[in-house]
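Number of protein chains: 2
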Amino acid sequence: MANPPACPGFKFAGILAGIKATQRPDLALLVAEADVPAAAVFTQNRVRAAPVELSEKRVASGLARAIIINSGNANACTGPRGVEDAQAMGHYAAKAIGCDEKRVLVASTGVIGQPLPIERIVEATPRLVAAARADGLEDFTRAIMTTDRFEKRALALVPLGPKTRARVVGVAKGAGMIAPNMATTLVFVTTDAAVSKSFLRKALQEEVEVFNQISVDGDTSTNDSLFLMASGAAKNKPIEGGDKGLAFRQALREVLADLGRQIVRDGEGATHVVTIEVLGAVSAADADRVARRIGASPLVKTAIFGADPNWGRILAAIGNAGVEIVPSKIDVAIGEIEICRGGMGVGGQAEHAAHEVMRRGEYIIRVHLHGGRGEGRHVTCDLTVDYVKLNADYRS
Amino acid sequence: MANPPACPGFKFAGILAGIKATQRPDLALLVAEADVPAAAVFTQNRVRAAPVELSEKRVASGLARAIIINSGNANACTGPRGVEDAQAMGHYAAKAIGCDEKRVLVASTGVIGQPLPIERIVEATPRLVAAARADGLEDFTRAIMTTDRFEKRALALVPLGPKTRARVVGVAKGAGMIAPNMATTLVFVTTDAAVSKSFLRKALQEEVEVFNQISVDGDTSTNDSLFLMASGAAKNKPIEGGDKGLAFRQALREVLADLGRQIVRDGEGATHVVTIEVLGAVSAADADRVARRIGASPLVKTAIFGADPNWGRILAAIGNAGVEIVPSKIDVAIGEIEICRGGMGVGGQAEHAAHEVMRRGEYIIRVHLHGGRGEGRHVTCDLTVDYVKLNADYRS
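Protein sequence lines, in the order shown, are assigned to chains X and G.
Just so we're aligned, residue 1 is where the first sequence starts under our numbering, counting upward by one.
Just so we're aligned, residue 397 is where the second sequence starts under our numbering, counting upward by one.
For the record, the hints were derived by calculation from the structure and aren't laboratory data.
No incorrect hints appear here.
Simulated restraints, written as ranges between beta carbons of each label pair: (1) S724/G with V282/X: 35 to 43 angstroms; (2) S328/X with E519/G: 25 to 33 angstroms; (3) G414/G with A21/X: 53 to 61 angstroms; (4) G414/G with Q44/X: 48 to 56 angstroms.
Listed next, the in silico DSS-like pairs over lysine-lysine satisfying Cα-Cα at most 27 angstroms (straight line): (5) K416/G with K785/G; (6) K498/G with K598/G; (7) K329/X with K453/G; (8) K202/X with K57/X; (9) K559/G with K633/G; (10) K389/X with K785/G; (11) K197/X with K102/X; (12) K593/G with K633/G; (13) K725/G with K57/X.
Using N, Cα and C, we set each Cβ at its ideal position, and we do this for glycine too.
Construct the entire structure; sequences and hints are all you get.
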């Protein structure tokens, strides 16, 4: 008996095309039964890969039939040839599917600055399309991975009526070069709900915020893309807002938050996942800046690695956020342990207890600025010896 | 026979007061023969140590007699007690010197958030003042060190007439938490030139720019201070601008650039010092932003550690600088080897040659944006396994 479909209305595939040297799957496809509402957000890096430019142009129509993705090569900084290669990926996928190539989106991830082995991709494409199955999500997820240690998937349900629920299914890849700004890494979210083109775009643009609250190393990639497609297989009246719209957005947010946390947990070399919560800022934007600055500080991140409750580094990072604060009002807690009150240390016993909290794999650092009602958060991981080793390897 | 004076008109001392657990010198003094012109710049971090607040207030007069410095404890995030302790340091130093306490500046460096062992400092102060000698600069330099592996000193000469030259002598400490913004770490510069109060301040404010072009880890400390005092022992007509002013500024700039480079070379765990030069930006400010962003990228810094000519990471960092660029115009060279031309890789042979350059301890990464005439630079070091180990040590 076949497994149940991952998301009704979509088929998925992942195969080995020979792009990676490691003999791991590296070509993936997501295809709907017809052209369906689609939305996407892309990297804010000024250096953008060829597939990002192509997909951004095509998704502006609000419709898509399929996405073809390769891993092992980012097709970034590859000049005019890179543009041709991205177009060719879309062209041959459309030919094998039997659809308009303008409805095929393209994504790539991997090493920057090497020409794509396009012949291998073109050759493998008919096999890829033939492999697409309703229960092929696992193959798909594996084929988009690069330095990822584990697969990242998330599911949320959208109540549509007393007996009907639509699904929101997301998969992502990403472990390094993570500091999303509007979008991150490669993320693919599908839903079987019927959603209007314009509401789908709006929902994505607003809910992607939760994805911007994560970082591994503060670097943003040239290829970050987040795609969302709605098959309508649930046969509901297309969602355009209202209660159903809220329920859909909540499910989307849940999936994105879940995938973001999975990406941080898979952060290159990471041994701890820490959520930084900032309360009492003048505004939410200020709170976000403070949370992000703490999460980006190499000194804080190495202290997290060493389970060192070095709250002085946290205060120094807060002071560097470029936000109005009153140092003598700041409280800091690690897990349930307050270690800094009114800008001063609570004492050795509290630090010892905080050290115990920090030995856990996952915990919260809570900062209260006592300056207003703005709240923000950021999810980050530690900076470890393995992060440095992993990224210092000379490639050739 | 005594050594020649380090900088006529000044005496220096460095002794062991028992602040550090390591039995290393930790209390230092710099004292002029009378109140002399003085200027200073301080950390832009919003969380500022008590001695920073005190010294900033006092140096506003443009005059100072002495600076007392302790290492091993930053007296930061120490509340009202920290303010009292900083005042006490100045008070007892003034008493031992026999001067107005308003003319004594105070600086501290070391761990954040622990109360200063003020009794030990007060007790040691008469001994410190008695130890001050014209050739005591070496003792002074050692007593301000924390995680520094070596002493940082620099000298430049100011031609004042056919036979007379004044000296500009600088010493600094710093190895981690380095990303200066108007000032950095602790830096003490003395000159025997006579310089007017207002010109001294102006010269410092403009020439400190060269100090802002360095980073180790992108964190800025709560205690960064840079002090400049002019004894006038050279007996020249006080410099207020003109040719002599230019010569003085040039000497000051030279000393600051030299000290900055020494701090990066002593960067925590650093094995490479890299100067990033950016040409062809729309403006100098844009060029500086790009250079700083490259120098701050963990992925670029780990590639430097691994001698990996991974120019794709450099392009990704440029794209993240928030500056208008045309990716297809960017050239990147490592040392004398061009590895990226027009936004695309030059090839494997060039990368191999660049890898050889990167095995040197010190080299230049040159980026040309071909978008204007703006130029900028940044001096940074690599992100190494030792940086992480050094900063992940649990303190207690």
